[in-house]
Amino acid sequence: MMTSLTALWLPILLSAFVCFMGSFVFWAATPWHKPDVKPVPDPAAADTAIGGLNLPAGHYMIPCAKDPAEMKSEAFQERYKRGPWATINIMPAQPNMARNLIMTYIVMLVISAGIAYLAASVLMPGTATMKVFQVTCTAGVLSYTFGGMVNGIWFAKPSGWVVRDIIDAAVYAVLTGVVFAWLWPAAEASSGGALPLP
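Each step along the sequence shown adds one to the number in our numbering, with nothing skipped, and position 35 is 35.
So the derived label-pair ranges between C-beta atoms look like this:
{"id": "1", "residue 1": "F17", "residue 2": "K72", "range": "50 to 58 Å"}
{"id": "2", "residue 1": "F155", "residue 2": "K81", "range": "14 to 22 Å"}
{"id": "3", "residue 1": "N96", "residue 2": "M21", "range": "19 to 27 Å"}
{"id": "4", "residue 1": "K81", "residue 2": "S4", "range": "57 to 65 Å"}
{"id": "5", "residue 1": "S121", "residue 2": "N54", "range": "46 to 54 Å"}
With a straight-line cut-off of 25 Å between C-alpha atoms, the simulated BS3-like cross-links for lysine-lysine are:
{"id": "6", "residue 1": "K34", "residue 2": "K157"}
{"id": "7", "residue 1": "K81", "residue 2": "K66"}
{"id": "8", "residue 1": "K157", "residue 2": "K38"}
Derived by calculation from the structure, the hints in this document are not laboratory data. Glycine included, C-beta positions come from ideal geometry on N, C-alpha and C.
Given only the sequences and the hints, what does the whole structure look like? Please build it.
Below is the structure:
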């Protein structure tokens, strides 16, 4: 029989927690991600220029046409060639650190639950430790890595930031694999421990 998802509640919670702590180390306890964002040369001018637009919260692109007709216009084409080219993210309020930390853990919890669902579907209790690690670590790499890479392509994230994100994701994947391999359920006693290993 395959592994019950309910038997994996502890590795789900713990893997999400260790990944959360890993992200805290990367982003808050070390300067690892410090090069990812830079201050503008003239903060006062930027505050005046952006604040004066009274933009509602949202993601904005410069230049950005309102419709296909404007995109084809000579004036827009000239702007597009001339630049500048930028994306601006306007937040609805001052960042709430507590909320963001909680939401980060919830996202990692959902990822761990998804990895547990996949692993429980293909691995039996008593599966060899390295096999559990292989499956869950691979799922972790897929979960934590590739969505960010696509965003990096389309929204021009600096290559250094993308590389650091990939390294972060690899660490989260390894941590996830280690926790699941460590806490994977043993074979049922009623089977005499003779369950075949995939």
